[in-house]
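Work out the full structure: start from the sequences and follow the hints.
Residue numbers (the numbering used here), protein chains in the order written: chain C, 3 to 497; chain H, 3 to 415.
Just to be clear, a hint being listed does not mean it is correct.
[What the hints assert, rightly or not] Once the Cα atoms are required to be at most 27 Å apart in a straight line, the calculated DSS-like pairs of lysine-lysine come out as:
1) C/Lys51 / C/Lys4
2) C/Lys169 / H/Lys181
3) H/Lys208 / C/Lys169
4) C/Lys360 / H/Lys147
5) H/Lys125 / H/Lys360
6) H/Lys20 / H/Lys403
7) C/Lys228 / H/Lys188
8) H/Lys147 / H/Lys181
9) C/Lys228 / H/Lys360
10) H/Lys360 / C/Lys109
11) H/Lys181 / C/Lys228
12) C/Lys360 / H/Lys228
13) C/Lys228 / H/Lys204
14) H/Lys208 / C/Lys228
15) C/Lys228 / C/Lys336
16) C/Lys169 / H/Lys125
17) H/Lys208 / H/Lys228
18) H/Lys188 / C/Lys169
19) H/Lys147 / H/Lys208
20) H/Lys231 / H/Lys125
It is worth saying that the hints were derived from the structure and are not from the lab. Note that the structure is predicted; figures quoted are calculated from it, not measured.
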Amino acid sequence: MKMPKPDAGVIARRAEIIKAMQAIVSGEGVITEDEELRAYDHDGLMAYKGLPLVVVLPETTEQVSAILEYCAGNEVKIVPRGAGTGLSGGALPLADAITLGLGKFNKILEIDFDNRTVVAQSGVTNLGLTQAVEDEGFYYAPDPSSQIACSIGGNIAENSGGVHSLKYGLTTNNVLGIEMVLMSGEIVRFGGKYLDSGGYDLLGVATGSEGLLGVITEVTVRILRKPETARALLIGFPTNETAADCVAAIIGAGIIPGGMEMMDKPAIHATEDFVHAGYPLDVQALLIVELDGPEVEVDHLIERVDAIARQTGATYLRISQSEEEREVFWSGRKNAFPAVGRISPDYLCMDGTIPRHKLAEVLNRIEELSRQYGLRVANVFHAGDGNLHPLILFDANEPGELKKAENFGADILRYCVEVGGVLTGEHGVGIEKRDLMGVMFTEDDLKHQQRLKCAFDPAHLLNPGKVYPTLHRCAELGRMFVHEGKLPFPDIPRF
Amino acid sequence: MSETLKPETAEQVLDAVKWAAASESPLAVRGQGSKDAFGRAVEADHTLDLSGLSGICCYEPNELFMTAGAATTLAEIEAALRQNNQQMAFEPADLGVLLGGEEEAGTIGGAIACNLAGPRRIKAGAARDHFLGFNAVSGRGETFKSGGTVVKNVTGFDLSKLIAGSFGTLAVMTEVTFKVLPAPEKTRTVLVLGLSDQDAMKAMAKALGSSHEVSGAAHLPEAAAKVSKVSHVAGAGRSVTAIRVEGPGPSVEHRCRALTALLRESGGIEELHSENSALLWREICDVRLLDGDGGNEGGGGRQVWRLSVSPMNGAGVAAKLTGLSGASVFYDWGGGLIWLAMDAEPDAGHEKVRQAVKFAGGHATLVRAGADVRNRVPVFEPQTGALRELTARIKEGFDPKGILNPGRMVEGV
Chain C
3 MKMPKPDAGV IARRAEIIKA MQAIVSGEGV ITEDEELRAY DHDGLMAYKG
53 LPLVVVLPET TEQVSAILEY CAGNEVKIVP RGAGTGLSGG ALPLADAITL
103 GLGKFNKILE IDFDNRTVVA QSGVTNLGLT QAVEDEGFYY APDPSSQIAC
153 SIGGNIAENS GGVHSLKYGL TTNNVLGIEM VLMSGEIVRF GGKYLDSGGY
203 DLLGVATGSE GLLGVITEVT VRILRKPETA RALLIGFPTN ETAADCVAAI
253 IGAGIIPGGM EMMDKPAIHA TEDFVHAGYP LDVQALLIVE LDGPEVEVDH
303 LIERVDAIAR QTGATYLRIS QSEEEREVFW SGRKNAFPAV GRISPDYLCM
353 DGTIPRHKLA EVLNRIEELS RQYGLRVANV FHAGDGNLHP LILFDANEPG
403 ELKKAENFGA DILRYCVEVG GVLTGEHGVG IEKRDLMGVM FTEDDLKHQQ
453 RLKCAFDPAH LLNPGKVYPT LHRCAELGRM FVHEGKLPFP DIPRF
Chain H
3 MSETLKPETA EQVLDAVKWA AASESPLAVR GQGSKDAFGR AVEADHTLDL
53 SGLSGICCYE PNELFMTAGA ATTLAEIEAA LRQNNQQMAF EPADLGVLLG
103 GEEEAGTIGG AIACNLAGPR RIKAGAARDH FLGFNAVSGR GETFKSGGTV
153 VKNVTGFDLS KLIAGSFGTL AVMTEVTFKV LPAPEKTRTV LVLGLSDQDA
203 MKAMAKALGS SHEVSGAAHL PEAAAKVSKV SHVAGAGRSV TAIRVEGPGP
253 SVEHRCRALT ALLRESGGIE ELHSENSALL WREICDVRLL DGDGGNEGGG
303 GRQVWRLSVS PMNGAGVAAK LTGLSGASVF YDWGGGLIWL AMDAEPDAGH
353 EKVRQAVKFA GGHATLVRAG ADVRNRVPVF EPQTGALREL TARIKEGFDP
403 KGILNPGRMV EGV
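What follows is the structure, encoded as structure tokens:
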């Protein structure tokens with residue numbers, strides 16, 4: 003992975019920059035020693051590491067504003083960082099950039115049950131939001147698997163999903179407002195405790211912008227009352243095709259489950275060996291279908307899903323009879339990543355989304371590629387919304403194997419796009435998929451995205467080297483070729 | 003010279019916009035024109051009529067999406083969805099009659115460009131939440147796309163959000179892809195009668211804060227209730243607070259019972275079933291319950307505002323508006339959406355309205371007023387400082403010559 007060449011001029015000014023940061027953030031909020039910087043040398047994409055120029059941990063929005071203003075004035079780059087759990091390298095440090103950590107923004111500011119909102123600083127963890135309101139029976143719906151550690155600010159930067167996004171939406175559908183510091187140091191607010199905006203939807207634009215548009219310091223999210231009850235079915239199939247048919251038939255019957263997850267045989271075996279959830283080992287594919295709502299609705303839908311599963315050829319079927327059993331069903335799926343980590347020294351987690359009806363085709367293609375590359379793969383899949391997580395198993399100590407695994411992953415993602423899907427469903431582009439952007443987008447598509455970037459950060463100081471393979475200078479993007487001014491289209495009907 | 007250009011293909015749209023950019027000739031971008039009177043009046047020499055870009059290109063019910071030409075009528079889309087028991091869950095409001103036009107007009111591109119929503123906004127979101135991807139021509143005269151056909155997609159910036167609600171000021175959509183969802187098997191509405199506005203906010207918060215998955219919560223003060231064509235509502239002789247639940251049959255019955263028990267102490271309870279329930283929510287969605295509108299096309303010249311505020315502040319905000327001559331309101335979104343009608347004033351009472359919104363946090367839009375008023379008074383919430391500059395820079399990036407619906411949202415942008 004090629005990163006932009008560090009600016010030697012900025013590195014030479016390190017002492018001066020540190021001094022300026024210490025004038026804004028006192029004491030241990032400015033980290034300069036190598037040993038301490040090492041704690042920030044990577045994010046959830048473990049294969050890539052690097053030391054930042056310096057780490058700054060501000061505590062107030064005003065400090066963030068002062069830092070950005072200084073950096074804008076002195077052409078110093080910024081890498082924003084939440085909890086550092088991102089899987090695509092979005093928070094990978096740069097040698098000539100300040101890593102701006104939001105870890106100290108950890109306070110819940112307001113809980114408003116009547117308006118069903120929580121206002122919190124951006125470093126509060128995803129689970130922290132739910133924990134703040136669960137005594138009253140509420141929760142924050144998006145639940146990425148890293149929810150115990152990941153920050154809500156990071157969730158917004160990545161537009162995180164989770165197993166319940168099929169029914170309850172992604173981060174973008176559950177955030178009402180943010181406070182953001184622009185690269186200029188200006189503090190802006192998009193949205194609030196109300197819906198929609200009176201202008202362009204900048205809240206929507208900031209969500210999923212991977213730290214390229216601004217630094218989020220405060221968020222307002224909506225909370226929901228927990229469903230009365232939830233039950234799950236564990237359904238085994240003899241083939242990937244029959245499992246995929248079942249998924250399509252459930253959706254086709256007008257049922258939107260709270261969650262619908264699929265695992266292939268290698269994933270089933272790895273997780274069963276690890277957590278002993280009681281998964282059947284003689285099936286090729288396993289579905290977990292969770293239904294939530296009032297008991298009478300859940301019972302009704304369980305019956306219907308049960309019937310659909312039988313019709314589509316299920317060979318194994320279990321329905322959770324208690325909350326404990328439901329949690330056991332999930333325990334395997336929720337531990338799929340560490341379970342795979344046990345059977346292989348290293349793994350890469352991919353994140354394409356595909357149209358649901360292409361599932362079996364894509365799984366077959368992955369199997370083919372697995373043979374070609376000589377690398378094992380286990381598949382877990384948010385089947386309900388077509389989001390595939392192939393885990394490619396490799397050993398980084400074997401020379402060339404990381405590269406091989408990366409090439410394998412890239413081939414999978416290219417195939418996802420080929421069948422009508424996309425490069426990333428919830429993990430973000432970061433550095434990991436940056437160089438594949440051209441597979442999905444034309445040069446003009448990418449330039450229009452970058453024009454948005456230019457409106458927020460004209461000097462490209464925020465998180466450079468991420469998301470876009472080439473960053474065009476804003477002046478160049480603004481230039482327009484003027485054609486002749488006469489009506490050149492005799493064939494367009496005019497009235 | 004004023005012409006209407008009527009391209010039949012995306013390529014012809016590109017040609018037309020290229021020409022407009024080169025000759026710096028502003029275009030009024032139009033689907034069917036059903037919302038021409040929404041927003042500021044566009045000062046454009048020419049009209050770009052997209053009605054030729056119509057038709058469903060791809061509809062796969064099991065994949066829960068549809069791709070269609072930007073000017074495909076909502077009527078055509080809804081008919082196709084009905085055949086498969088599906089719907090656009092964002093329930094786009096039909097503002098036709100409110101704006102003095104026809105019922106059942108409008109296109110999907112228009113619904114997205116105005117970021118329409120309905121009572122289900124509180125549960126399912128607005129057009130922005132269902133808009134998955136598009137092909138478009140920006141004001142630079144360049145074709146670009148964003149998004150895709152799948153719901154879970156974080157590849158690059160989410161330009162769909164930028165385009166939804168941009169009123170055609172950044173790009174001309176040629177083809178759009180949006181999410182579709184199963185239509186509910188059953189719908190029922192619990193009515194609570196006789197609540198004051200303030201008590202209604204509390205009752206709706208109770209319902210929305212329950213686990214009963216309420217998909218609509220509206221409050222009609224007595225004057226608004228009287229306008230309804232649903233006899234139970236019109237004849238109540240009191241205010242009516244409506245709580246909607248949707249879903250599988252047994253679940254809807256269960257939740258109606260639970261909500262009735264929850265709200266019984268608030269006031270008298272009634273229930274609306276199938277057709278009456280559907281009719282009432284249609285009236286709420288399409289803003290047909292403003293007292294004094296009398297079903298007149300254009301409401302006899304009365305002006306209409308839409309205020310989006312934090313729900314519990316709804317009644318408080320409305321109370322600050324009673325000084326406006328002939329003011330009448332009703333509430334949707336659990337109190338978070340206030341529809342206000344008032345006798346026409348040269349300034350549409352905008353300072354009073356903005357002041358009231360400011361107190362609660364939110365924004366107000368002047369949805370109906372004469373063109374002269376809409377050009378004099380900011381139609382959308384005025385922006386200041388960094389926010390205003392950001393908006394201008396985004397417009398500059400996508401439409402540097404200012405040829406797409408110039409001034410539709412903000413004067414000079």
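Against the structure, the hints:
1. For the hint pairing C/Lys51 with C/Lys4, the CA-to-CA distance comes to about 12 Å; that is within 27 Å, so the pair holds.
2. Distance hint between C/Lys169 and H/Lys181 is fulfilled; the C-alpha atoms sit about 13 Å from each other, no more than 27 Å.
3. With a CA separation close to 22 Å, the supplied pair H/Lys208 and C/Lys169 stays within the 27 Å bound.
4. Of the supplied pair hints, the one linking C/Lys360 and H/Lys147 holds, its CA atoms being roughly 23 Å apart against a limit of 27 Å.
5. A hinted pair counts as satisfied when its Cα atoms are at most 27 Å apart, and H/Lys125 with H/Lys360 qualifies at roughly 25 Å.
6. Restraint check for H/Lys20 and H/Lys403: the C-alpha separation of about 11 Å stays at or below 27 Å, so the hint holds.
7. As the CA atoms of C/Lys228 and H/Lys188 are separated by approximately 22 Å, the hinted pair is consistent with the 27 Å bound.
8. Taking the CA atoms of H/Lys147 and H/Lys181, the gap is near 17 Å; set against the 27 Å cutoff, the hint holds.
9. As the CA atoms of C/Lys228 and H/Lys360 are separated by approximately 32 Å, the hinted pair breaks the 27 Å bound.
10. Distance check on the hinted pair: H/Lys360 and C/Lys109 sit about 26 Å apart at the alpha-carbon level, within 27 Å; holds.
11. A hinted pair counts as satisfied when its Cα atoms are at most 27 Å apart, and H/Lys181 with C/Lys228 qualifies at roughly 25 Å.
12. Using a Cα cut-off of 27 Å, the hinted pair C/Lys360 and H/Lys228 is violated, with the two alpha carbons roughly 53 Å apart.
13. Our distance criterion of 27 Å between C-alpha atoms is met by C/Lys228 and H/Lys204, whose separation comes to about 20 Å.
14. In summary, the hint linking H/Lys208 to C/Lys228 is supported, as the alpha carbons are separated by about 14 Å, within the 27 Å threshold.
15. For the hint pairing C/Lys228 with C/Lys336, the CA-to-CA distance comes to about 20 Å; that is within 27 Å, so the pair holds.
16. Straight-line distance between C-alpha atoms of C/Lys169 and H/Lys125 comes to about 11 Å, which keeps the hinted pair within the 27 Å bound.
17. At most 27 Å may separate the alpha-carbon atoms for a hinted pair to count; H/Lys208 and H/Lys228 meet this at roughly 25 Å.
18. Simply put, H/Lys188 and C/Lys169 have alpha-carbon atoms about 18 Å apart, close enough for the 27 Å limit, and the pair holds.
19. Under the criterion of a C-alpha separation no larger than 27 Å, the hint pairing H/Lys147 with H/Lys208 is inconsistent with the structure, at around 43 Å.
20. For a cut-off of 27 Å, the pair hint linking H/Lys231 to H/Lys125 stands: about 26 Å separates their Cα positions.
Consistency with the previously given hints fails for numbers 9, 12, 19, ordered from lowest to highest.
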